[in-house]
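*Asks:* Sequence:
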Amino acid sequence: MTQFFSQKDIDQYRECFYLYAQKGLVESSSHLRYIMRSLGYSPTVQESQVYFKSKNGKIDFACFLDVLHEHQRKGDPIKEVLMAFRSHDRQRKGVISAKELRAILTGMGERMAPQEIDRVFREANVIDPKGLVRYEDFVRVISIPLPDY
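Under the numbering used here, the first residue of the sequence shown carries the number 84, and numbering increases by one thereafter.
Be aware that a few hints might be false.
Claimed, not checked - For lysine-lysine, the following DSS-like pairs were computed, each having C-alpha atoms within a straight-line distance of at most 25 angstroms:
(1) 136 - 106
(2) 141 - 106
(3) 91 - 106
(4) 162 - 176
(5) 91 - 162
(6) 157 - 136
Keep in mind that the hints were calculated from the coordinates and are not lab data.
Using the sequences plus the hints, can you model the full thing?
*Replies:* In structure tokens, the structure reads:
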């Protein structure tokens, strides 16, 4: 795995792994998901279940590195979302108007209801007094994994 991760990354992963897997093994898919999220990854419930089953329900540190590598190979959805926002940022200032963001969220992909957008804007608290949204902050706030307990 050293060909995929720097020694610094491996050391960080090892420290986190053994902090949460004190017996040296990940014991469940939710345990795996928790450790991965502690490192800034965002696996879904389904992804973590697949990873856990693919390792026969026994994940030691070496297998954990395999899982992280496999997860990284899938791509980074946050980067993809930021690239999409940048395509709407004609002046390259890192902001988009709340009005334009609302139009995107109600008109593209999985369309959101206006009430949902109001709630997201209120909870994310990312609209400045001029009605602009720093989209990197917005993406960071909305991409924080919800607890799955």
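*Asks:* Looking back at the numbered hints, which does the structure fail to meet, lowest number first?
*Replies:* Structure breaks no hint.
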